[in-house]
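Start from chain A and add chain B according to the hints.
Single-letter residue listing:
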Amino acid sequence: MPKSNVASFEVSYWSILNEKGEVDESMKPSLSSDQLLSMYRLMIRARLMDDKMLKLQRQGRMGTFASILGQEAQIGAAFAMQPQDFLVPSFRENGAMIARGVPMLHLFLFFGGDERGSQMPKDVNVLPVSIPVGSQAVHATGLGMAFRLRNEPKVAVGFLGDGGTSEGDFHESLNLAGVFSANTVIVCQNNQFAISIARKHQTASFTIAQKAIAYGVEGIQVDGNDILATYAATLYALDKARSGKGPTLLEFVTYRMGDHTTADDATRYRDKLEVEKWKQKDPILRLQKYLEKLGVWNADLETKIVTEESLNVEETVKQYESYPKPDPSSMFQFVYEKMDPELLRQRELLLNHLQEEGTNHGH
Amino acid sequence: MAIKTMIAALNEALEQAMRKHDNVVILGEDVGVDGGVFRVTDGLITKFGDKRVLDTPLAENGIIGASVGMSIAGLRPVAEIQFSGFIFPAMNQIVSHVARMRNRSRGRFNCAMVIRTPHEGGVKALEHHAESMESMFLQAPGIKVVIPSTPYYAKGLMLAAIEDNDPVIFLEPLKLYRSIKEEVPEEYYTLPIGKARVARKGNDVTIVTYGSLVKTCVEAAEQLNVQRMADVEVIDLLSLAPLDFETVANSVTRTGRLVIVHEAPQTAGLGAEIAARVAERCLLSLKGPVVRVTGFDTVIPLAKMESLYIPDVSRVVKGVRKVMEF
Numbered sequence: 001m002p003k004s005n006v007a008s009f010e011v012s013y014w015s016i017l018n019e020k021g022e023v024d025e026s027m028k029p030s031l032s033s034d035q036l037l038s039m040y041r042l043m044i045r046a047r048l049m050d051d052k053m054l055k056l057q058r059q060g061r062m063g064t065f066a067s068i069l070g071q072e073a074q075i076g077a078a079f080a081m082q083p084q085d086f087l088v089p090s091f092r093e094n095g096a097m098i099a100r101g102v103p104m105l106h107l108f109l110f111f112g113g114d115e116r117g118s119q120m121p122k123d124v125n126v127l128p129v130s131i132p133v134g135s136q137a138v139h140a141t142g143l144g145m146a147f148r149l150r151n152e153p154k155v156a157v158g159f160l161g162d163g164g165t166s167e168g169d170f171h172e173s174l175n176l177a178g179v180f181s182a183n184t185v186i187v188c189q190n191n192q193f194a195i196s197i198a199r200k201h202q203t204a205s206f207t208i209a210q211k212a213i214a215y216g217v218e219g220i221q222v223d224g225n226d227i228l229a230t231y232a233a234t235l236y237a238l239d240k241a242r243s244g245k246g247p248t249l250l251e252f253v254t255y256r257m258g259d260h261t262t263a264d265d266a267t268r269y270r271d272k273l274e275v276e277k278w279k280q281k282d283p284i285l286r287l288q289k290y291l292e293k294l295g296v297w298n299a300d301l302e303t304k305i306v307t308e309e310s311l312n313v314e315e316t317v318k319q320y321e322s323y324p325k326p327d328p329s330s331m332f333q334f335v336y337e338k339m340d341p342e343l344l345r346q347r348e349l350l351l352n353h354l355q356e357e358g359t360n361h362g363h
Numbered sequence: 001m002a003i004k005t006m007i008a009a010l011n012e013a014l015e016q017a018m019r020k021h022d023n024v025v026i027l028g029e030d031v032g033v034d035g036g037v038f039r040v041t042d043g044l045i046t047k048f049g050d051k052r053v054l055d056t057p058l059a060e061n062g063i064i065g066a067s068v069g070m071s072i073a074g075l076r077p078v079a080e081i082q083f084s085g086f087i088f089p090a091m092n093q094i095v096s097h098v099a100r101m102r103n104r105s106r107g108r109f110n111c112a113m114v115i116r117t118p119h120e121g122g123v124k125a126l127e128h129h130a131e132s133m134e135s136m137f138l139q140a141p142g143i144k145v146v147i148p149s150t151p152y153y154a155k156g157l158m159l160a161a162i163e164d165n166d167p168v169i170f171l172e173p174l175k176l177y178r179s180i181k182e183e184v185p186e187e188y189y190t191l192p193i194g195k196a197r198v199a200r201k202g203n204d205v206t207i208v209t210y211g212s213l214v215k216t217c218v219e220a221a222e223q224l225n226v227q228r229m230a231d232v233e234v235i236d237l238l239s240l241a242p243l244d245f246e247t248v249a250n251s252v253t254r255t256g257r258l259v260i261v262h263e264a265p266q267t268a269g270l271g272a273e274i275a276a277r278v279a280e281r282c283l284l285s286l287k288g289p290v291v292r293v294t295g296f297d298t299v300i301p302l303a304k305m306e307s308l309y310i311p312d313v314s315r316v317v318k319g320v321r322k323v324m325e326f
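In order, the protein sequence lines correspond to chains A and B.
All residue numbers for the first sequence refer to this note's numbering, where the first residue is 1 and numbers rise by one.
All residue numbers for the second sequence refer to this note's numbering, where the first residue is 1 and numbers rise by one.
One chain only, chain B, in its complex shape:
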């Protein structure tokens, strides 16, 4: 086992997928010769050639639409959108076709493809380079949405996403690309899509989160533990669609308290859906209101105010204390 960053884990996943399945094709802007602006596809064009790693023109909508056709022709495209903020031009293709081809044709055609893209903020980047629009995809039934939080999960989920016969939008928290290093198995392995993981076991309160804030929530949990304020269980969703509500419900039924943390704006964020389901199905277990710690209903600010927007450890701690002290 080697210690790897998420970038290295993803690169390894892509290489192993391309070796194992000869119909996997990577496409996107700068993914070939340049190896991707974050180097996720580094070295792949040298190893596999330009018929399997395609440097495309600058056309997000065309990249995704072409991937629809390629997947129907029997390839497994892994399309990169350079930053998730640039996925918007492709929304028509994603919502109208990628998500619907299986349903529209009653299974005769389907889009087995992966759209991978750097996601969320926290690195003081330019406008549109820090977006969290995952909720928009959740309103388009037919796509899976996956968001790893560690290198180990990144590799296993990427390989699972590539093998999945449904289209997967694979969101890569760019803040975590190089900031976490851990042991990642060398071999080819998949992790189940649609299963959450317990990132930290606890008994007093459940935090449900995903992506770049998992690390923040675990830190908040440690702080609360040290201060003897709460024994926090942190659930990392990993898969936003399909959502592993069973793991959430089991935890909340036991702890009786729920705090949902996400960077995306509050209104109609995934937190709202989870809160509604908990109110619907776990009401009598609740010892206090469901608390959400989220991005505000504003555009994520540019660098100078970005840190005011993204939930940090102190805001998560405050959220937990609110329900603990109810």
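So that you can see chain A by itself, here it is in the shape it has in the complex:
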């Protein structure tokens, strides 16, 4: 019998707001000027926070962290979510996290080395930063499975990077999500690098979005520096999941403008010219241009927003640096719901030791 074609695939690319600030009217999401300005302000806040954390780290006042410079359009995805939805971050989603209600102070605390930074406020449905690469994708699937099984109008949005798509958890997350029609959106921030490994060495696949198709899941590639597209694509995926029509993989094509973390030196493995090229595609710049065209942005407004958000960040730094040191007991308190005799004994040992030494180790 002659061979027949049993399957082929297509991957759509979504782009709404280009570098010049021009918008595709047919794809433009319905957002008011106020909403657009909110998004803009959040991006400014995220960038200022990022910059401040970087400066603090170089001064020894902040621990190692992963900058989101250039990836501020992740805020678009967060903006599309509803309060009851869950955000499941990796470690490069500071922008999405603050957009979802995580106080900036929490992020300063966490990256500053204090677990209380991951103790999200009760009404903030954001999971803690996940360090083991890709491992949180299955959590987003599990949450989405639960929502689907109970027919709840909630969706879990899990983030990972291009590096994360090589880990087994990524594949298991999509496969399970597909089988169970989970209320799950997986967002891959393809910022072209996993530390020094460039995207083309991470996978031979032409796009990351198409990896979903293998699991029976829709995959969409999105201009990851276009906040209108990240918003619209996520909204599409959220609506789809919420109505029981299953999971989606979104590939946000963006660029990691900074180093992998403050412990990395990207000049060792990449081209300055490439970084310069991506400056033109800056997500904040293009939204600014669009807002200007709309008559909603001007230089005075810029000054106002930057001044206010800078003060906001400064205030957070003050709170962070004057935050009381953690209680040594807390190391033992949250291993189990209730400490068992051996834990209590070990806690006693430490507390007695601290007392005897006379030093409080700053406590």
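By construction, these hints were calculated from the structure, which means they are not laboratory data.
Just so you know, these numbers come straight off a predicted model, no measurement behind them.
By construction, the Cβ of each residue, glycine as well, lies at the ideal position given by its N, Cα and C atoms.
Warning: the hint list may mix true and false statements.
Pairwise CB distance ranges, derived in the manner of DEER restraints [claimed, not checked]:
#, chain 1, residue 1, chain 2, residue 2, range
1, A, Pro103, B, Asn165, 25 to 35 Å
2, A, Gln355, B, Glu219, 42 to 52 Å
3, A, Gln355, B, Gly107, 57 to 67 Å
4, B, Pro57, A, Ser15, 44 to 54 Å
Okay, now just chain B, sitting in the frame of chain A:
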């Protein structure tokens, strides 16, 4: 009260848990239509439907990782890993997330879930179907590890594990699945996690053990009793984490002699931890060295040599005699 095997007791526990708590969900490979390869989940999908009993793809890491998400969403997943030898793919999820979610978030999130799995060997199964890696879990603070030795304890501890707001790894000695039958209360009951039981009272020497070797130790004790060589107290730990050291210490302080028996390899096995604590806190009570009768520091052999590896009655008797004759 009915006479039940451990399988039947576990099946009953799961059914009663699912009736009482509508957020309990069972998931795993072959747990639904097939009722589990050991039939522990038999009949549950018929009674509760496929939104509460999930037949999953073949993905241990995904099953456990999804359970993390499900538990945060408010479900109580009871995830099956088909044999404990297949839990290794899920070790990252267990150690990095299941064990740590409460601590990481300072209590804002926690994983109230049960991972249940057939454990240990003794039935001449294929490679990887006879593993005893419980010590690996003990090095990941934040998980509870429970291992029943009889049908009565299996049901009560399973129900307690499901109610527990901490993650519990529930190890089911597969050698005991059908080899012990006893009376198990029909009603819903829980037994405390973190409490050992005295399986046999005695005065001359304490054996501390758990899982499939409890039966072996009690038999050894009977033999030693008949031979008038020793009056042996057998402590069945039931809970490996948290460990009921108080019961062990009370017994050893009274008898002055300790033999620890486990199937898992000797080095860095739980026996080492117990021996260290006894040396630390009960030294002056000891009339002789702490003796361990354990699996060797080898891989558990395939069927033809399996019985050489697993501590049997004669090796336990020898261990007791060593400390008795010191």
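Now the hints, each set against the structure:
1. A/Pro103 x B/Asn165: 25 to 35 Å: At 26 Å between Cβs, range holds.
2. A/Gln355 x B/Glu219: 42 to 52 Å: Once the Cβ atoms are compared, 50 Å apart, the range 42 to 52 Å for glutamate 219 of chain B and glutamine 355 of chain A holds.
3. A/Gln355 x B/Gly107: 57 to 67 Å: violated, 26 Å
4. B/Pro57 x A/Ser15: 44 to 54 Å: violated, 34 Å
In terms of the numbered hints stated before, the structure departs from hints 3 and 4, listed from lowest to highest.
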